[in-house]
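A.B. asks: Residue-level listing of the chains:
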Amino acid sequence: MSETKSNRREFLATGTQLVLLTGAAAVAWEHVMAGSPEKAPNYKTTEHWWAMTIDIEKCIGCGNCVRACKTENDVKEEFFRTWVERYHVEGTEMERPEVDSPNGGFDGFREKYKAGENSKNFFVPKLCNHCSHSPCTQVCPVGATFESPDGVVLADKTYCVGCRYCVQACPYGCRYIDPRTETVDKCSLCYHRITKGLTTACCETCPTGTRKLGDLKNPADPIHEFLQSHKVQVLKPQMATGSKLYYNGLDGSVR
Amino acid sequence: MRHLMKDKEHLFRMAALFVGGIVLFVIVRAVMLPKDFGKLGHYRPGALEDNAKRVPVFAGKPACLECHTDMIERQKGSKHAAINCEACHWALSKHAADPSVKPVRPDAKAICLVCHTANVAKPKKFPQIDPKTHMEGGPCNECHQPHHPEKGPEKPAVQEAKK
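Residue numbers (my numbering), protein chains in the order written: chain A, -5 to 249; chain B, 41 to 203.
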């Protein structure tokens, strides 16, 4: 207690210092708020190759990622760029899991199952897989969606004609038409954040480290260690989409 | 001969229509397409910039710790030290850019329960409580510091009043 008290006093005593710091931080922060990528000149698209790891064994289904994504990206109420599913697999019913995702997990998950019923229960966060051979980009007739040089599947809203081919082509159900613009919308892997040295909003607010953004072109990135020390799997590998969303502890029942 | 010509005339007309149509398409396409379309792939390179130029809403933990340096010491040794500030305090980039924008103080109990309410789908290893039975559902921060829950309470407001 006395420790925290002195800390508190320190905090107040360094008030003047804080004011100075405030100025310094404000300057450092300026380019981020300004939002123009040329003001963050160190970012080169050819030097990155983005991927994400999801550790199912850690997910607590708190829904922070779902809410953060909506806050960060102004996602309309009934649509989701990322969502969390709850799986309930009884005994040998691998082929018939019970899956629910009330409001995408936005409000968390009310208890629905009882422990010890010879079943397994777990959460699976989902989002765009940022495939490197994506079916969704291949079907676009106008070049309004594409794989960026740094490995992110992006949409070009000024070019999209709203034909919905890509929505149907995505094997993971990660795209939707934004009714406000009648153009496609999807996870951009927070492109406006990762190009400024920040992580995605979902990773930023994930309390357990379930989700982690990684740069496969950066040899120092901890993602390499993770991929080597875990048995990871991608969703629907039989479709050869080149997904870059690596799941640890993925159950066979997950579709 | 003239008969033959007359029979084929509609074909020539149709061919002319096709050629005209193609020429029109090529002209319109040349005018409408941005010059750099296709430079990086079958898309408009400007779309990269369009996607990148939005302003972040979450500032990120390093930004918080630039000013709230005391938090490093306060969280030392806690399992909560690994949680980013904005997982509880929510998006505060406006506050980080200008601290006079005062953040709302989170409601401790409501926040704790988002993560710690027991659920069979949660990993067994994760510490979970039943909010009805755990210490009779008392206010969490009366016994746990939000920033270091393994430790007892810390109430700056109360402490300041005592001074």
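These aren't lab readings, by the way, just hints derived from the structure by calculation.
Everything numeric in this text was worked out from a predicted model, so none of it was measured.
Among these hints, one or two may not hold up.
As the list claims (entries may be wrong) - Here are some, though not all, of the chain B residues that point toward chain A, as calculated from beta-carbon distances under 10 Å:
(1) Pro96
(2) Asn159
(3) Lys165
(4) Cys183
Glycine included, C-beta positions come from ideal geometry on N, C-alpha and C.
A.B. asks: Lys165/B was flagged as interface toward chain A. Is the shortest Cβ-Cβ separation under 10 Å?
C.D. replies: Interface hint status for Lys165/B: holds (8 Å vs cutoff 10 Å).
A.B. asks: Given a cut of 10 Å on the nearest C-beta pair, is the interface hint for Pro96/B held or broken against chain A?
C.D. replies: Given a least distance of 5 Å, the restraint on Pro96/B holds.
A.B. asks: With a cut-off of 10 Å, does the beta carbon of Asn159/B approach a beta carbon of chain A closely enough for the hint to hold?
C.D. replies: This hint holds: Asn159/B lies near chain A, its Cβ roughly 5 Å from the closest one there, short of 10 Å.
A.B. asks: With a cut-off of 10 Å, does the beta carbon of Cys183/B approach a beta carbon of chain A closely enough for the hint to hold?
C.D. replies: violated (14 Å)
Going through the hint list in order, the structure does not satisfy hint 4, though it satisfies all others.
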